[in-house]
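Chains A and B, in that order, are what the protein sequence lines are.
For any residue, its number in the working numbering is found by taking its place in the first sequence, counting from 1, and adding 186.
For any residue, its number in the working numbering is found by taking its place in the second sequence, counting from 1, and adding 1.
Note that these hints are calculated values from the structure, not bench results.
Among the hints, a few may not be true.
[Unchecked claim] Output of the computed footprint for chain A on chain B, the stretches with three or more beta carbons under 8 Å from beta carbons of chain A:
1) 215 to 227
2) 309 to 322
[Said to hold, decoys possible] Simulated coverage check for chain B against chain A, where a stretch passes if three residues somewhere in it have a Cβ under 8 Å from a Cβ of chain A:
3) 66 to 80
4) 89 to 100
Note that the Cβ used here is the ideal one computed from N, Cα and C, for glycine as well.
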Amino acid sequence: MQVSSFSFKASILVAGLTMATSAFAVDITGAGATFPYPIYAKWAESYNVKTGVKLNYQSIGSGGGIKQITNKTVDFGASDKPLTPEALEKAGLIQFPTVVGGVVPVINIPGVATGELRLSGELLANIFLKKITRWNDPAIKSLNPSLALPDSAITVVHRSDGSGTTFVFANYLSKVSKEWGTKVGADTSVAWPTGVGGKGNEGVAAYAQRIKGSIGYVEYAYAKENNLPVVTMQNSEGEFVKPNLESFQSAAKFAKWESAPGFYEILTNEPGKTTWPIAGATFILMHKSQDKPENAAEVLKFFDWGYTNGSLMAKGLDYVPMPDSVVKLIEASWKTNLKGKDGAAIWSK
Amino acid sequence: MSSLNSEVEIKNAGGEAVLSPALPLNQQSKTREVKSMSSTTQNKNIGARLDKLFHYTTMFFAFLVFILLFGIIVTLFMGSLPALKTFGPAFFTSSAWNPVDIQFGGLVPIYGTFITALIAMLIGIPVSFGIAIFITELSPVWLKRPIGIAIELLAGIPSIIYGMWGLFVFAPFFADHVQPWINDNLGELPLIGVVFQGPPMGIGMLTAGFILAIMVIPFTSSVMRDVFEIVPTMLKESAYGLGSTTWEVVWNVVLPYTKTGVVGGIMLGLGRALGETMAVTFVIGNAHELSASLMMPGNTISSALANEFTEAVGDVYTSSLITLGLTLFVITFIVLALAKLLLIRLAMREGKNT
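With the hints as constraints, model all of the structure from the sequences given.
Below is the structure:
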């Protein structure tokens, strides 16, 4: 009895304290994609120390993020798959990219080290289409004359859960292979012609490490942290490029954001000699017409702070920050598109 | 009974523990009963009312089960309507699963659910039976407790641990040592050979079935052990006295005496095998592909739900997953109903024989 009354008093005390702190500033809430969660959390922590504004971000998945922002239960939604301009218009939303991540094919071929295997987009698509089924296929050999490729079956490993990573990867395959585009297409989960499915990046990595002769795809940070052997890819200009922060940033830089309404731009097969061909930005969704302009202003201030002060933090976590030129475009779109109830612009910087 | 109770309660009033929320009031009334005999009738009224209150409270709790069940069925049904409207009954016979074209069918996960559960039961039932028989009939006394405790510990391990163990330890072992053997020896068999042919990845429906069997064994065997233990020693000793072997005692005395409990234990295991999620998700390979080979990756209803629900975008996709959930619910219901029917028939036959 004593214990319970004590804990009851304690809980009142705690409740009082939290109420007191939240009274100082507006808290902002967001929900959605899991991929950018680490960087949003890191930004939020530093931002809170600096301004006292707290960000409550629930990484429930892009699908959930879109649902929650449509129902207006959060101040912003987050999605790895951008909404089309039409879908944005219909829901009365705007979207903007925050950070860029790369998707890399990882392999498990005995005797082949990281970066040694070279593949073109078409070859990669044919492997995932089950048209190339052995590692010593002449098409792979012709790109890798010096590699001793084994006569073993290729096992494709893909994501079993819906994921922005899958969307970016499938989007790339449909850009480089007509057959992939018509047969499979691109979405957060697709009907895979072949292979085994792992749950999450860690699931794909675990399968790829267990199964000899396998090829899968994971987020770059994941491949880097776990030292998974990666593939060198041929980009749209015919150059062979290794995956790293520079080659992802090159994709973000050469992308034509200014001519993409609603920033609907997937950074796959982008131009540029140094560009890694499979990258993608992650996006924030907000309502154009804001019922709570003070919350929206706080959200914008937070991301503006992230763009200007968060680059190093992003790089530390293997995300590519948005280039300055793109940030200017984004903030210009805030100014013209985000309005309070009275029609006044929320962002005026 | 009631006077005995009141004595006990009065004694308790001096102590520290309060046994149930209804008790303090009860105590008050009972203490008063002792103090003044004149107000007995009034107190009886209060006691009767409290009894009634207690009756309705417990009834409400019991009916809560119905309310919950009904709520879940209605929610699942409402949620599955969009998919059922779009695809009709063909949903259950189609093996398509294409989120891009919004074409969904439940055949692959339903098939996978049945096959993995079947493998689990084929392995799990004989092993559980053996464990239970050994503990109750054959084991030296000093070994009974350690085995019993070990089984209970196995039952307490979270399923995700089984999944991780399955993926990191069991699957590689299976791929290197068991699957090549199965491929070479069973894969050559006519007709059923195709079931055992496939790349030795260590991941697939057979592995999932094995892991499920390991997860089912603690449940089934501990229920079996418990029911075997209630067989009166006199019956068994009599059979032994007549010169029966252990096998004969088990088959002719223990099993007939405990068949209800044994079937119950098997059903408990089957229930777990059908609904198990995380462990299966780790090792089954999660591919929406229908294949005759047990070595190939497949999918079960619960692992499809675990994998895809969070990122399912669009009404039809979500609704298709909910329809799968409803299907699992119905399958479990049918299995339970069949088990009850089986038990009733067993009981009826018993009546005829005697």
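Hint by hint, here is what the structure shows:
Restraint check on the region 215 to 227 of chain B versus chain A: 0 residues with Cβ-Cβ distances below 8 Å, three needed, restraint violated. Beta-carbon proximity to chain A at under 8 Å applies to 5 residues in the region 309 to 322 of chain B; the threshold of 3 is reached and the given coverage holds. Against chain A, the region 66 to 80 of chain B contributes 0 residues with a C-beta closer than 8 Å to a partner C-beta. That does not satisfy the three-residue criterion, and the hint is violated. Residues of the region 89 to 100 of chain B with a Cβ under 8 Å from some Cβ of chain A number 4, which satisfies the need for three, so the listed coverage holds.
Figure legend: structure checked against the earlier numbered hints; hints not met, in rising order: 1 and 3.
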